[in-house]
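**Student:** Sequence:
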Amino acid sequence: MQEPQFQDRYEGGRVLADHLRRHAGQPGTLVLALPRGGVPVAAEVARKLGIPLDVFLVRKLGTPGHEELAMGAIASGGVRVLNRAVVDELNISREQLEATTRRESQELQRREQRYREGRPPPDVRGRTVILVDDGLATGTTMRAAVAALRIQGPAAIIVAVPVAPEETCESLGQVADEVVCVRTPEPFYSVGLWYRDFAQTEDDEVRALLAQAAREQQAPDATQPSA
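The opening position of the sequence shown corresponds to residue 1 in full-length UniProt numbering, with each subsequent residue numbered one higher.
Don't take every hint at face value.
Unchecked claim - Ranges of calculated distance between the beta carbons of each label pair, as one might list FRET restraints: (1) L69 to E202: 19 to 29 angstroms; (2) H19 to Q217: 16 to 26 angstroms; (3) R215 to R22: 24 to 34 angstroms; (4) P187 to Q113: 37 to 47 angstroms; (5) E98 to A24: 38 to 48 angstroms; (6) D18 to G192: 18 to 28 angstroms; (7) E67 to Y189: 12 to 22 angstroms.
No lab work stands behind these hints: they were computed from the structure. Quick caveat, the model's predicted, so the values are computed rather than measured. Idealized CB from N, CA, C, for every residue including glycine.
Hey, can you work out the whole structure from these sequences and the hints?
**Tutor:** See below:
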C-alpha cells in the first residue's frame with residue numbers, strides 16, 4: 001500500500017496550484033470549488049494563482065440503502081446527471097429517484113444560501129473556469145458540475161484535482177476542455193486514503209474561506225499571484 005500523497009487538503013491545493021501556474025493572474029479566469037471538501041483545496045489554488053474564488057454547488061444522489069454509491073448528482077442550475085448503469089442494475093424506481101432528488105435539492109439550496117451570505121453567484125460567461133475538488137472517485141459529481149456550467153457559457157472548463165484514478169481523469173476529458181490530476185495512484189480505493197488528514201470540512205470553514213477570498217478580491221493587490 002502506498003503512503004498518503006498529501007498532508008491535508010491545503011497541501012493538496014498548493015501542489016495542485018503548481019500544476020496550474022500558466023493561469024496565474026490571468027484575467028477572466030475563475031476558480032470554482034465543489035463544497036465542501038473542495039473548498040480548502042480551491043482556496044489555496046486561488047490564493048497562489050491570484051485569481052477569484054467561488055463555489056459551485058453539487059450534490060450526490062446516493063442510492064437508497066447504499067448512500068455512498070452514487071446513482072447520479074445534481075448541480076446549481078437544476079441540472080441532474082444520472083449514472084444509468086447503477087440505476088438500471090439496482091432497479092431504482094422513478095419514485096425513489098425523484099424523492100432523493102427533492103431531498104438533495106433542498107440541501108443544495110440551503111448550502112447555497114449559507115455559503116454565499118448574500119453574495120451573488122459569479123457570471124461565468126466567456127470566462128475560463130477551473131473546477132476544483134479534493135479528489136475524484138467515479139467522477140459523477142464532477143460530471144454534473146461540468147454539465148451545469150456548460151449551460152452558462154464559459155469559454156473553457158478545466159477540471160483540477162490533487163488525486164484521482166487515471167480512468168476517471170480520462171473519462172472526464174471527454175466532457176471538460178482540460179483535466180489536471182496531480183496524482184493517479186493505482187490501485188486507487190478512495191480519495192481519503194491519499195490524505196493523512198481527511199477530516200470532514202465543516203460549513204463554518206467553508207464560509208470563512210469564501211468570506212476571506214471575497215475580502216482579498218476587493219483589495220487593491222488582489223490580482224497579484226502569491227509566491
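**Student:** With reference to the structure, classify each hint as holding or not holding.
**Tutor:** Consistency of the hints with the structure:
The hinted range of 19 to 29 angstroms is satisfied by L69 and E202, whose Cβ atoms lie roughly 24 angstroms apart. Taking the beta carbon of each, H19 and Q217 are about 23 angstroms apart, inside 16 to 26 angstroms as hinted. Look at R215 against R22: about 26 angstroms separates their beta carbons, and that is inside 24 to 34 angstroms. Checking the proposed 37 to 47 angstroms range against P187 and Q113 shows it holds: the Cβ atoms sit about 40 angstroms from each other.
Here the CB-CB span from E98 to A24 is close to 44 angstroms, well matched to the stated 38 to 48 angstroms. D18 and G192 have their C-beta atoms about 22 angstroms apart, which keeps the hinted 18 to 28 angstroms range intact. Take E67 and Y189: their Cβ atoms lie about 18 angstroms apart, and the range 12 to 22 angstroms holds.
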